[in-house]
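Number of protein chains: 2
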Amino acid sequence: MQFHHDGYVSGDPRIQPAQGTGVNRPEDLPDEVDVLIVGSGPAGMLLAAQLSQYPSVTTRIIERRAGRLKVGQADGIQARSVETFQAFGFAERITQEAYRITSTSFWGPRDDDPAQIHRTKRTDDDPNGISEFEHLIVNQARVLDYFAEAALHGPARIEPDFGIEFVSQQRDDHPTHPVLVTIRDSGATREQEDAALAAATGLGAEAARLAVNEATAAPATQASEAPTQQIRAKYVVGCDGARSAVRRSMGRQLLGDQAFHAWGVMDVLTVSDFPDVRMKCAIQSAAGSILLIPREGGHLARFYVDLGEVATDDAGKVRTTDIHDTIARANAILSPYTLEVKDVAWYSVYEVGHRLCDRFDDGVDAAGGEREPRVFIAGDACHTHSAKAGQGMNVSMQDGFNLGWKLGAVLTGQSPDALLATYSAERQVVAQNLIDYDKQWSSLMAKKTAELTDPDEMTRFYVDQAEFLYGFRTQYEPSMITGSATHQALAAGFPIGKRFKSYPVARVADANFVQLGHHHRADGRWRLYAFADASGEALARFAEAAPVVLSRFTPADSDEDAVFDVKVVLQDAWQDVDLGAVPPIFLPRTGSLGLVDYEKVYAAIAPRDCQPAAPKMAVGTDMDADIFDARSVSRDGALVLVRPDMYVAHVLPLDAVGELEEFLTGSVLPG
Amino acid sequence: MQFHHDGYVSGDPRIQPAQGTGVNRPEDLPDEVDVLIVGSGPAGMLLAAQLSQYPSVTTRIIERRAGRLKVGQADGIQARSVETFQAFGFAERITQEAYRITSTSFWGPRDDDPAQIHRTKRTDDDPNGISEFEHLIVNQARVLDYFAEAALHGPARIEPDFGIEFVSQQRDDHPTHPVLVTIRDSGATREQEDAALAAATGLGAEAARLAVNEATAAPATQASEAPTQQIRAKYVVGCDGARSAVRRSMGRQLLGDQAFHAWGVMDVLTVSDFPDVRMKCAIQSAAGSILLIPREGGHLARFYVDLGEVATDDAGKVRTTDIHDTIARANAILSPYTLEVKDVAWYSVYEVGHRLCDRFDDGVDAAGGEREPRVFIAGDACHTHSAKAGQGMNVSMQDGFNLGWKLGAVLTGQSPDALLATYSAERQVVAQNLIDYDKQWSSLMAKKTAELTDPDEMTRFYVDQAEFLYGFRTQYEPSMITGSATHQALAAGFPIGKRFKSYPVARVADANFVQLGHHHRADGRWRLYAFADASGEALARFAEAAPVVLSRFTPADSDEDAVFDVKVVLQDAWQDVDLGAVPPIFLPRTGSLGLVDYEKVYAAIAPRDCQPAAPKMAVGTDMDADIFDARSVSRDGALVLVRPDMYVAHVLPLDAVGELEEFLTGSVLPG
Ligand SMILES: Cc1cc2nc3c(=O)[nH]c(=O)nc-3n(C[C@H](O)[C@H](O)[C@H](O)COP(=O)(O)OP(=O)(O)OC[C@H]3O[C@@H](n4cnc5c(N)ncnc54)[C@H](O)[C@@H]3O)c2cc1C
Ligand SMILES: Cc1cc2nc3c(=O)[nH]c(=O)nc-3n(C[C@H](O)[C@H](O)[C@H](O)COP(=O)(O)OP(=O)(O)OC[C@H]3O[C@@H](n4cnc5c(N)ncnc54)[C@H](O)[C@@H]3O)c2cc1C
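Those sequence lines, one after another, are chains A and B.
Counting from 0, one number per residue, gives the positions in the first sequence under numbering that gives the first Met the number 0.
Counting from 0, one number per residue, gives the positions in the second sequence under numbering that gives the first Met the number 0.
Honestly, the hints are just simulated from the structure, not real lab data.
These numbers come from a predicted model, not from an experiment.
Some hints could be false.
Chain copies aren't distinguished; within one or between two, either way the pair holds.
Straight-line alpha carbon distances no greater than 20 Å define the calculated DMTMM-like cross-link-like pairs of lysine to aspartate or glutamate that follow [unchecked claim]:
no., residue 1, residue 2
1, Lys-615, Glu-96
2, Lys-233, Asp-171
3, Lys-500, Asp-575
4, Lys-615, Glu-91
5, Lys-120, Asp-608
6, Lys-438, Asp-635
7, Lys-69, Asp-5
8, Lys-120, Asp-575
9, Lys-341, Asp-558
10, Lys-438, Asp-654
11, Lys-341, Asp-5
12, Lys-387, Asp-342
13, Lys-233, Asp-364
14, Lys-500, Asp-171
15, Lys-120, Asp-577
16, Lys-341, Asp-324
17, Lys-438, Asp-256
18, Lys-69, Asp-11
19, Lys-233, Asp-160
20, Lys-500, Asp-621
21, Lys-69, Asp-312
Using the sequences and the hints given, assemble the complete structure.
Structure representation (structure tokens):
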């Protein structure tokens, strides 16, 4: 963590000094804002945390609820999300309080007595070392809390405006703020919400029927009758969930499955003799199937009890499934084991289908003509999928991560407006792939009961698809921010368009062994990694030529690394590096005091030599391979450019400063 | 982290629910308290955090300053302290923001030109794997902040009462609260303190002279003239630093060195071409010597510029050493390198001698007769030593850790009053050893300049003494809470009287690989580890006999693990353990809902098999040795009893429940 560079920071260094719009931020919504985010779920809160790094931008986030989410909804956190949390500064803290999945157990009917289950298989959760981060389970509410903290502690000091409902929006030709938004007081109060929660989670049969299910198409809350009010925005982002009013106001729809699939989902404190009650389990029995997800804190567990496809003429009947029925069903499935529910933290009948919007922005007008997008949707507002693969919250956050820096870059004049069109282009494909995958997985899980003779089919799929499951399959196509693969061979282990996969290196100045990628903070900056050639000659030429080029894209009055954070990875042992001979581009003097930044000079090192105390590593890391070996980086050197959202933008020869400039000219404006 | 066991916790699980005295805690000091802590330095704040776990005890902590410490004083954090932070729940967070020492550089005069320095040696900081935790550098202010958070988030909700000064105390024969304490408003204000700090750290020559040095004998602050007030306490703990008024009121003195040693200490933001400016360095040159400690945040560094022995007739002259002189001297020492100071965060002339009090409590009366101790001193109030070994803050915290649970246990009726006499008995010896060590180290550092022909002497001493340096040499003598070594051979790697040294194990219920010792929270509970025999027969006998015995020492209305947290380490592979067959003592049902605690059943595992993701391990851990091998635990099983302050109390045969009961009878009262 770097701080003190503008003078001594006495308190918590995670709290950045307020700047710009963060200084004396008005309590009430202003009449005009740069960005209006609708909805404080995972997509919206990540966006708020990201935009909090842009204090010259006025961002507000409105939320219909009266306050923070307290319980329920999603809980599966892929390693890709934990990487993202690391960039926002809270990976370690949330990991500490989360449940960590290391192993999955599969249970099925016994051959001799199909009414009784037994364990058929155990698999490692991440046998291939997809990431150095873990696969976690923790309530969505806590994820939102951490993003809320990041948003509040960023220089723009963003906090949600609770109790405000988005009603509609329309575009006009206002010269600066063309989106006219209608909002109103949502009428929500904490008391009502608490009462609804208590009712939904109480063990009384009547109460359970009240369990709301916001993911379904039917409106679950009463519309407010408060008077409406209008505000203007440059950009609006609808992160308002599956029944998105922003999407509706754009005239778009979720298309896909006609029928929904339903689960009885309960977060419960139990006493059970089922031995794997603290393990992730897929349980199939004659009585049905359960996905069991142990939860944070050592006692809580979530049971997804499969309620099957919802008939098209169901008319909400499935939603009245009583929690007692769900518990009874769980007991039947678990036989010979029993489950005594001591307390219900949350209960919901979760009905969801595979549905997708064909476009995530308003970049076409009513007549079908292309235009500059001003309104976006993200997360469940544009795609929904089954709970089985635990993707919902994760993909929604990545939507937000993809869009956040783009809005920041355009609004601060760092990038051309055209950048914003890449959001829908990039993320719609991801959502489509996800839905295809999820369908396959769901049908496999459904098929299983009938096919117990090959218990490996499902586990094989599960393991093969781990890269997908953990959020690392995404690969963006060439565009203004993603280069072509011409020079990919120079760094084959950093595929262009995929997320930059970290690896241990030695930080020269303080001999700390660190994950190179963990220095990538969600601060809107690009990262340029110069992998040195063995002789250092090409590196010297790069160090000579690059400052001139990069400074063209960097505002004159800001630090030289304000837009591009340039780091070098040398081939020498860290002990042999003479810091005095390292070119100044890698030891820039920044901040108001012009102090040297020593955290840009790294040396390749084999993990075995990271003594004392190597950083956390992915499973199966070759202890003898340094980053050049492990990521197939040419010993003649290479440049790896990484986008602010951690995706590899380009791979180029170390000497190709001209080509770099050409590429940047498309995506970054002159400073 | 365990939570949710009394029902769902929606917010930050680190914030424990308020209980007892923590509910509606009065803002003003009450007239009577159970424990009055004087001083909110490291010793006092650890005590506050510890006693916050005892909500039936009324604890207050008074502090002369107007608010939190902002900057300065100590910054070296030994691995033993980080272990302690782990027990208080903030090791990971503070590690994240701290500087981490991996290597120490030694610099000396060049042979060809003694006016110029060169690097003579580099040594690993912890080559022997003394702990799985790191050696950190972070400002004392942040350490205090974290303890303040722990104190505030504990059930007793303890917060310092700032601006109150301890004046004196006297014992009388009040039946319950025999310590009558005189206090007053200290008159301190934030404005004054900020002005003093600004003056002390400004670069102006006049200002620098104002640098206060609280560690010296001369009073640095004006005595308040506010009217005094009296309150009564059952116990008083003086954590009020080197010039302790509590010590004075007990009629005790620090004895030792006549002369002090002085350093110009500056926390500075610099630009320098000295290549090791981000490494811990011991620098010797013809112009003097510097101990350079890089600091948190990547830019700050502390320079200890040696000002030598202070003449006995110095009369405070050394204290007027100007910061410009100190900077000039640093430049002379660093030649041919230069140091440009851009900003001074803190500057002090730190004068200190090796001094020690012969007793840390008032357990003798004026006539020399033994009595029950009621007033204690801890930290700098009873021992001071040079800054070179970076021990001050660390040893002070361990004083607090030793005393805290004893006060808690006596005040809650868990242990006999006699327990309190063990505090002075145990800690005075530690302080004496420390001072002996520190003298040796200091004289070696002083000698070095003349003896450059053997640059290894100092580094050898440094490495040999690492166990001491990191805080792990402490070994308490047999007493009512520390057993004799009769059965030590059953677990030779857990020496009785030393801190329990953690090791990786597999938690059976969720297949998480964890450090066994990290489950030890600073919650005042004893830990009893049952290392199973291979056949499990002795374990079965233990599991049969132990509940009866342990319940005798456990209050009937509390959880069965409220006093003793009993865990088992099995020899089987975790996959082979049948949780259904594990005796109930290791799967107790606790909390208001009677939920099963699954985090007490462990299996031995070789670190190599901890896949995916092994826990952090000490350097040099044998990847093939499980905990039985690594800690030389008998394969016939053993019991290891650990005190609430993490020191091994006893090692016994697995079958020796009778001997266990006998031992406990001396230290724990019937429940
Ligand atoms: C009841 C429920 C149960 C779920 N259960 C599971 C599960 O068991 N497993 C799983 O993996 N996933 C589950 N999900 C899905 C998962 O929570 C989502 O995929 C994820 O939250 C999507 O994030 P998001 O930010 O896109 O939207 P959401 O988290 O849905 O956030 C949308 C936010 O917008 C607010 N909002 C909506 N309309 C307006 C408006 N007009 N004005 C202002 N604010 C508005 C909402 O109050 C909400 O806070 C569940 C979702 C819901 C709603
Ligand atoms: C100015 C200074 C510089 C230091 N520099 C270094 C260094 O460079 N390196 C190093 O390793 N160590 C240094 N130390 C030592 C290190 O800080 C101590 O070893 C450590 O703080 C001891 O902790 P403690 O809790 O015993 O006492 P302290 O941290 O000294 O805390 C004592 C507290 O008691 C308060 N107090 C004192 N008298 C009263 C009273 N009558 N009533 C109420 N409150 C009172 C004080 O305000 C203070 O907050 C320094 C200490 C000081 C004071």
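Status of each hint after checking the structure:
no.: 1; hint: Lys-615 to Glu-96; in the structure: both (18 Å within a copy, 17 Å between copies)
no.: 2; hint: Lys-233 to Asp-171; in the structure: within (11 Å within a copy, 74 Å between copies)
no.: 3; hint: Lys-500 to Asp-575; in the structure: neither (26 Å within a copy, 35 Å between copies)
no.: 4; hint: Lys-615 to Glu-91; in the structure: both (11 Å within a copy, 13 Å between copies)
no.: 5; hint: Lys-120 to Asp-608; in the structure: between (37 Å within a copy, 19 Å between copies)
no.: 6; hint: Lys-438 to Asp-635; in the structure: neither (45 Å within a copy, 53 Å between copies)
no.: 7; hint: Lys-69 to Asp-5; in the structure: between (38 Å within a copy, 17 Å between copies)
no.: 8; hint: Lys-120 to Asp-575; in the structure: between (50 Å within a copy, 13 Å between copies)
no.: 9; hint: Lys-341 to Asp-558; in the structure: between (58 Å within a copy, 17 Å between copies)
no.: 10; hint: Lys-438 to Asp-654; in the structure: neither (46 Å within a copy, 57 Å between copies)
no.: 11; hint: Lys-341 to Asp-5; in the structure: between (54 Å within a copy, 10 Å between copies)
no.: 12; hint: Lys-387 to Asp-342; in the structure: neither (24 Å within a copy, 55 Å between copies)
no.: 13; hint: Lys-233 to Asp-364; in the structure: within (17 Å within a copy, 78 Å between copies)
no.: 14; hint: Lys-500 to Asp-171; in the structure: neither (43 Å within a copy, 69 Å between copies)
no.: 15; hint: Lys-120 to Asp-577; in the structure: between (54 Å within a copy, 15 Å between copies)
no.: 16; hint: Lys-341 to Asp-324; in the structure: within (15 Å within a copy, 70 Å between copies)
no.: 17; hint: Lys-438 to Asp-256; in the structure: within (10 Å within a copy, 78 Å between copies)
no.: 18; hint: Lys-69 to Asp-11; in the structure: between (26 Å within a copy, 11 Å between copies)
no.: 19; hint: Lys-233 to Asp-160; in the structure: within (18 Å within a copy, 50 Å between copies)
no.: 20; hint: Lys-500 to Asp-621; in the structure: within (15 Å within a copy, 29 Å between copies)
no.: 21; hint: Lys-69 to Asp-312; in the structure: neither (33 Å within a copy, 67 Å between copies)
Hint compliance for this structure: hints 3, 6, 10, 12, 14 and 21 are broken, all remaining hints hold.
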